[in-house]
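K.L.:
Based on the hints, put chain B in the right spot on chain A.
Chains as they are written, first to last, in my numbering: chain A, 12 to 279; chain B, 6 to 116.
Heads up, some of the hints might be wrong.
With a straight-line cut-off of 30 Å between C-alpha atoms, the simulated DSSO-like cross-links for lysine-lysine are [unchecked claim]:
hint	chain 1	residue 1	chain 2	residue 2
1	A	K172	A	K222
2	B	K92	A	K222
3	A	K201	B	K11
Don't read these hints as lab results, they were simulated from the structure.
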Amino acid sequence: MIRVNNLKKSFGEGDKRIIVLEDFNSHMERGQITSIIGGSGSGKSTVLKHLIGAYRPDSGEIWIDGEEVTQLRGAAINNVRKKFGIMFQSGALFNSLTVEDNVALPMREHTNLNESTILIMVKMKLEMVGLRGAEHLKPAQLSGGMVKRIALARAIALDPKIVFYDEPSAGLDPISIGVIDKLIIDLSKKMGITSVVVTHEIPSAMRISDKIIMLFKGKIIAEGTPDEIRNSDDPRVTQFIEGSPDGPIPFSKSLTDYGEELKEMSRV
Amino acid sequence: MSIDLKLDKAGDAVTLSVNGDIDMSSSTKMRDALAPLFHTDNKVVVVDLSGVSYIDSSGIATLVEGLQWSHNSKNKFRLAALTPGVKDVFEIARLLTVFEVFETKELALAP
Numbered sequence: 012m013i014r015v016n017n018l019k020k021s022f023g024e025g026d027k028r029i030i031v032l033e034d035f036n037s038h039m040e041r042g043q044i045t046s047i048i049g050g051s052g053s054g055k056s057t058v059l060k061h062l063i064g065a066y067r068p069d070s071g072e073i074w075i076d077g078e079e080v081t082q083l084r085g086a087a088i089n090n091v092r093k094k095f096g097i098m099f100q101s102g103a104l105f106n107s108l109t110v111e112d113n114v115a116l117p118m119r120e121h122t123n124l125n126e127s128t129i130l131i132m133v134k135m136k137l138e139m140v141g142l143r144g145a146e147h148l149k150p151a152q153l154s155g156g157m158v159k160r161i162a163l164a165r166a167i168a169l170d171p172k173i174v175f176y177d178e179p180s181a182g183l184d185p186i187s188i189g190v191i192d193k194l195i196i197d198l199s200k201k202m203g204i205t206s207v208v209v210t211h212e213i214p215s216a217m218r219i220s221d222k223i224i225m226l227f228k229g230k231i232i233a234e235g236t237p238d239e240i241r242n243s244d245d246p247r248v249t250q251f252i253e254g255s256p257d258g259p260i261p262f263s264k265s266l267t268d269y270g271e272e273l274k275e276m277s278r279v
Numbered sequence: 006m007s008i009d010l011k012l013d014k015a016g017d018a019v020t021l022s023v024n025g026d027i028d029m030s031s032s033t034k035m036r037d038a039l040a041p042l043f044h045t046d047n048k049v050v051v052v053d054l055s056g057v058s059y060i061d062s063s064g065i066a067t068l069v070e071g072l073q074w075s076h077n078s079k080n081k082f083r084l085a086a087l088t089p090g091v092k093d094v095f096e097i098a099r100l101l102t103v104f105e106v107f108e109t110k111e112l113a114l115a116p
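Here chain A stands alone, though its shape is the one from the complex (with noise of 0.2 Å):
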């Protein structure tokens, strides 16, 4: 279903190049789940950002169901995007519309479908993140677990083929956590739905993924069944998955050593 072959991307010229995502390469298949994990920073979101066609690549290739998109400008990009879902981190509602516009809003802008097929659509698409009943309210009426749910209603308006989760339990509640868990597996096992999850929550990703694909500095460190990354033997991988601050992954970003910028800071 999406096949990605050297994605290689970089930010910035000369000495300031920095290269965020280097040769990722990934089979993500039909009705499977794929979570895609790393700290910030390291280059999740670039992935996520290039399959949805909002990053082009330096180098690389992106198939979606059989199509090579990172070429494809205009309608042609369109035309691919009709094909998948996105659940953005933030949810992305319109405050100034009802959940129920909200999420009638793909189906208004891209189907012929009849206006009362529309609202009963809503009202399925409602129950399956459990929120049947908030119709008319707003988004600032929202908590943020019901806005997330909302935005994954309205990202399986279309019955995608293909779903992007950016973060789909950051924020949420245990309960609301395994509400989403569970539809995202729902989704995948029953309708075939392809899913793609970028997230750093470790227990919803072994619950959760078919393949994990771990990366670290824009480079996959490991790649394998939930098992297979918790019994990694990768130091980065096990302080990642076991959340521990000491290890080879450093809590600071900074590429200068600290003692030595601040004794620089006196020469000024």
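P.N.:
Just chain B now, with coordinates in the frame of chain A:
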């Protein structure tokens, strides 16, 4: 995607047989065929889904509309011969128990 539709009238029952995938581009065709069936001559309206391997939420929503029309017109509305893929979609939509579902068209037509 396109679907083929066939109507069979037998006594006071009518069966709409659907063949093909029901998705956002084809569900309106099924809706157009289904909507006029809910009148007094048809005490029972059956939708035979044995030829459908895939249905999306617009197809399910259209069948829910059928349920609403039958409720208003007092006709019986029955679904027959759901394939496993179609049954899964009903299950995930939590709508399997909302409809009268029969294993075969013949059972759905039985009085």
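K.L.:
Next, verify each hint and record whether it holds.
P.N.:
Tested hints:
| no. | hint | verdict |
| --- | --- | --- |
| 1 | A/K172 with A/K222 | holds, 18 Å |
| 2 | B/K92 with A/K222 | holds, 27 Å |
| 3 | A/K201 with B/K11 | holds, 28 Å |
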